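Enquirer: What follows is the residue order along each chain.
2 protein chains.
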Amino acid sequence: MANPTDPGYDREAVRAVLDRARTEGRTSLTAPEGKALADAYGLPVPGEALARDADEAVALAVELGLPVVAKIVSPDILHKTEAGGVEVGLTSPQEVKAAYQRIVANARAYDPDARIDGVQLQQQIGAGLEVLVGATTDPTFGKIVVFGLGGVLVEVLKDVAFRLAPVTRADALSQIGGIKAAEVLDGVRGGAAVDRDRLADLLVRLSDLVTDFPEIAEADLNPVFATADDAIAADLRFVLDFAPAQRPKQFDRDEILGAMNRIFTPRSIAIIGASNETGKIGNSVIRNIVDGGYAGEVYPINPKSDEVYGRTAYKSIGDVPGDVDVAVFAVPAKFVAATLEEAGRKGVAGAILIPSGFAETGEQELQDEVLAVARRHNVRILGPNIYGYYYTPQKLSATFCTPYDVAGGTALTSQSGGIGMAILGYSRSTSTGVSAIVGVGNKADIDEDDLLTFFGQDDNTNAIAMHLEDLKDGRAFVEAAREVVPRKPVIVLKAGRTSAGARAAGSHTGALAGDDKVYDDILRQAGVVRAPGLNELLEFGRALPVLPAPTGENVVIITGAGGSGVLLSDAVIDNGMSLYEIPPDLDEAFRAFIPPFGAAGNPVDITGGEPPSTYEKTIRLGLEDPRIHALILGYWHTIVTPPMVFAELVADVVAQARAAGIDKPVVASLSGDTEVEAASAHLFQHGVVAYPYTTEKPVQVLGAKYRWARAAGLL
Amino acid sequence: MANPTDPGYDREAVRAVLDRARTEGRTSLTAPEGKALADAYGLPVPGEALARDADEAVALAVELGLPVVAKIVSPDILHKTEAGGVEVGLTSPQEVKAAYQRIVANARAYDPDARIDGVQLQQQIGAGLEVLVGATTDPTFGKIVVFGLGGVLVEVLKDVAFRLAPVTRADALSQIGGIKAAEVLDGVRGGAAVDRDRLADLLVRLSDLVTDFPEIAEADLNPVFATADDAIAADLRFVLDFAPAQRPKQFDRDEILGAMNRIFTPRSIAIIGASNETGKIGNSVIRNIVDGGYAGEVYPINPKSDEVYGRTAYKSIGDVPGDVDVAVFAVPAKFVAATLEEAGRKGVAGAILIPSGFAETGEQELQDEVLAVARRHNVRILGPNIYGYYYTPQKLSATFCTPYDVAGGTALTSQSGGIGMAILGYSRSTSTGVSAIVGVGNKADIDEDDLLTFFGQDDNTNAIAMHLEDLKDGRAFVEAAREVVPRKPVIVLKAGRTSAGARAAGSHTGALAGDDKVYDDILRQAGVVRAPGLNELLEFGRALPVLPAPTGENVVIITGAGGSGVLLSDAVIDNGMSLYEIPPDLDEAFRAFIPPFGAAGNPVDITGGEPPSTYEKTIRLGLEDPRIHALILGYWHTIVTPPMVFAELVADVVAQARAAGIDKPVVASLSGDTEVEAASAHLFQHGVVAYPYTTEKPVQVLGAKYRWARAAGLL
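Chains as they are written, first to last, in the UniProt record's numbering: chain A, 1 to 715; chain B, 1 to 715.
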């Protein structure tokens, strides 16, 4: 639907044009049809008018705005220029009058019999900054709008920004300001700034047009000439598609949560294909569920055994005496449809399809058949082709991998089994507190937006980290993410960023390759924190829940090593933060604690040989002064302040501050011999995100927290 | 000195202009003076000539090339335009003739008494692509040249490239091709390509001019109009500086190596301030040297003890019976000058100045005094304000930190003590084989170019990794690096990337140069691999010596996890490599080993459930096919192929290939549970650079190896 501030669009006019094109089997519009659309939605195009005599020409030209172009209008003259019937660059009423007379005289001389309707005057544009405004239909996100500078250079540098349509005025302004060369819009070398509001208005109107009429597949306003008080499209192009791709089935929030709550907090689980034979997936799954500590009912389903792993087994899920919330499938692909039919009749909420051998090996039809069974019985499918899922609050390890029991606030999902295994190993190695690890595999049904909806309202989860290669429905994902982001960070590793990566994604899961910039801009628009690589996904997932949210942009570095201070400063800028310019009174206060040759300012360089008390006093000051919003600590291993002494004192000072109601993000970089590893771990356990041997990582994590806090509207 | 292909520069003409400016106390040149310099060095400027009558005007205009601009030349007419004395855009002989006559007539009408010398005709430029060519004097590197596209947009995007002057034609061509928007130079939207050779020629000539005449501090040719067959500077600007900064003292290669060999392989070491008191630096130093296993003579110097740490102590270094190569100073700053005087008389080659309290605390004079003592006695100083240095081939740990004894090929240096400690801890934690760790601290004397010269020829060192915050003499560093890079990688972490201070600059070029981009471009020109952060410095330093050099650009990914394949592909592009397009016969050969639903192509996706033999066969094929130059492996933890099984088989296959003379770089990303950590370590020990839980790091290391191999001329 169009914006609430709908400025009186003429939908009927657009409807008429599109219906005619549809009737005539056309997928493009003529220039007059394009102009009709532009007029209907107020997209500014050069003004034009027909003058029937020289005086009228002058009046109209003044009304349109000089300079103007004048062209003969005659049904009998096809080649206007040849007939001397075109004049450009008419800048004064005198010139317009003279041009009118010349053009008519030329036309009469060219063809004395020609019928002459008059002279068309058109606003002459070409001054101002050339920009590009467009809309297209993205296979993942649907209607999106694009903005960029025009011209040759920008074409090479591809400096454009995308937004999901419909855009609000605020979206459009952020989009316009989001191009790299945005400074050009403010005027350079003394030139006037363009009117960003006019451009934003144009983007909003175009976005409304393509939203109201989905059959407009593409729209190009290129170039648009932007000046200090106007933005006029010199050329329009529309491409139509009367049979657009359908979005996947939508579930409403209650439907999603109803199913997800039963899947993540099931009272009972059936394992289809549970087995006593070690090495079989059906054996690993029941073993992990039982050994992992799951407290609900566990029903092995196996037609050939009476008991599996100490539990009574049933020939069919239909034989199970009580209700079953979740059925985990550990049978070959070819048996899934039939057993799912039985599970559906039993009323399970979720089918966890571990087996491979579906779309990923070309068996799309088999997968479609299974989905159809599930839809018939209102069963939601996770998978197929997955390792399963973990949910630590229920001590649930429904997977053929190993159990995981370090409960905490991070929910992680992965589209790929390999990445899932990396999540598991890394989490175990770093003792990351996890609420859930979920494989989504082929995403025949449940996908990231369902999981976002669940984790977004799950009190056991306070950050969500997702690996994905594609989105089945980008629009649904954005809607889910927008709803969640104000409460908790959503971190996304989108694989296939580069065209080579996108090609590999294509061969892996049949994912559609698109321009990564579209993903980048639209995920950002949705408030998602994008992880550049796997390590960052894992690290952000681990660290973001540990840090409190900053309440302002004033970042201060306190360091015992000047060398670390320089690198930490680099990292602050690299990660989109800025160093607080410490005011004189605060500078004075820091100086009171540090040697005379130490450097106050920011970084606060306490110098290398200082005792614990210097770290303690300066860090306490940094925490207590309300003008500072986040601290980055640089530690240098010395005999005077050994690593664990530093770690304990920082943990204490931070704990004291938190007890006093001061909860600022604190991160630390530890330089030293191997003892700094244990010191970093101690700090991490006490709410200070700390790493040894790197100045980049702690600042990168803080930067990610800031990106989220800004998107969540906390700053 | 100018290029060997010196194209007959008129140095006398330049000398005369500069001498006049010097005499007149000017630091800038007039337009005619600037043109004189341009003419002397063949910098193309618009042609001009004086016509004394209309026919001569026509002849000259044709000779200069139309279009031309015509201007009255009269000592009595100051305001030429007001006098009707200027006409532009004269495109035909007829127009030139008419213009001549009009201009002279206008001038006579304007001032009947004016003396009229004739009409100046000047080639009118403005067509073509606007580019910027300049030169400036960088405080670190001295004369540098700059190239960039001109115009408003590029000014905003700062798309420029720098090179150290003098540039060769090849340097200049790489510089021109090195801007981001280089594609524009090749013509866009059907436009003609500019003549890169002409632009390169211009850069070479300008670079020769500023090299021959160091007092030309800055030169701006902006804009230069580049066309398909020409490049003409529309405007010239020169800034002079007759008192340029002096470069630090230069040592020749023999002098450097003479001293460095004695410092790194000393027969004897004296410790000034050696102490029996635990906790004192003079105690830690002697303890580390002795306990570290150093086999040479150790002489404690302590006026109050007869014996220190079991060795005979001497009151003064002068009392030591034998020769002393190195004196390590562990006394307060104020005692350094006097004790160094004695060490100098004793004939030491190197003074290792651990004490702080010199320039870093504002005591520049004290540091200068110490340097003067050293220079007088021909002693080289390391430091002051350092942790000391390690050289494992001599089991030498001349430091107050702890000994380090894992010998290997990497030499690491740091300007900061904190970073030095991170080097030590990280090396120990990862068992990195190290030849040396050296603190350079305040760099009163020995700096990175001295160390490069030594490590470059040191058979115990096969990669050099340096942390630096500045270079005392960037030009000497570049010269040293250029000499070393063909044999071994030089990796640099340049701290302070983003905190480039505002620089007083009199020109556009000067302003552009106040930027980290200068370091970036010139280090790259020198063949240095730049590490973006501390972690990469450590990781490249550790891993590059482990990998053999690639002999070609064809990179292939073999992966058991499709999801890793996508991320590895992204990383390949991010790190400046490209995926080999596998030809049909090789594709067929890979397909023979993998399941039908696996994906050949590149990545080769062997799929997740495969046994060790599938990894083995595909990796062996990748190693043995000569068209493939580097392998990236993606491992997915399964029961069928557990982590250590994978690690051992890869190590075996690689070892067999190496035994057969096939030595290709192989890196691996391991996804799985914590067992992948031990598996990665095993691979690393066997020459395969492997990491758990990251797809980025192994590819980043391979990319660094490729950057070096390209710089070394191996590809």
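Each hint should be verified, as a subset may be incorrect.
If several chains are the same, the list does not tell them apart, and a pair holds so long as it fits within one copy or across any two.
What the hints assert, rightly or not - Calculated cross-link-like contacts (lysine to aspartate or glutamate; reagent style EDC-like; alpha-carbon spacing at most 16 Å): (1) Lys180 - Asp159; (2) Lys517 - Asp574; (3) Lys180 - Glu155; (4) Lys71 - Asp117; (5) Lys35 - Glu341; (6) Lys158 - Glu277; (7) Lys97 - Glu218; (8) Lys346 - Asp319; (9) Lys617 - Glu588; (10) Lys71 - Glu87; (11) Lys97 - Asp53; (12) Lys617 - Asp587.
Derived by calculation from the structure, the hints in this document are not laboratory data.
On a predicted model such as this, the values are computed, not experimentally measured, just so you know.
Enquirer: If a hint holds in the structure, say so; if it doesn't, say that too.
Expert: Hint-by-hint comparison with the structure:
no.	hint	verdict
1	Lys180 - Asp159	both (6 Å within a copy, 12 Å between copies)
2	Lys517 - Asp574	between (19 Å within a copy, 15 Å between copies)
3	Lys180 - Glu155	both (13 Å within a copy, 12 Å between copies)
4	Lys71 - Asp117	within (11 Å within a copy, 48 Å between copies)
5	Lys35 - Glu341	neither (56 Å within a copy, 89 Å between copies)
6	Lys158 - Glu277	neither (58 Å within a copy, 66 Å between copies)
7	Lys97 - Glu218	neither (40 Å within a copy, 54 Å between copies)
8	Lys346 - Asp319	within (9 Å within a copy, 97 Å between copies)
9	Lys617 - Glu588	within (13 Å within a copy, 68 Å between copies)
10	Lys71 - Glu87	within (7 Å within a copy, 31 Å between copies)
11	Lys97 - Asp53	within (9 Å within a copy, 41 Å between copies)
12	Lys617 - Asp587	within (13 Å within a copy, 65 Å between copies)
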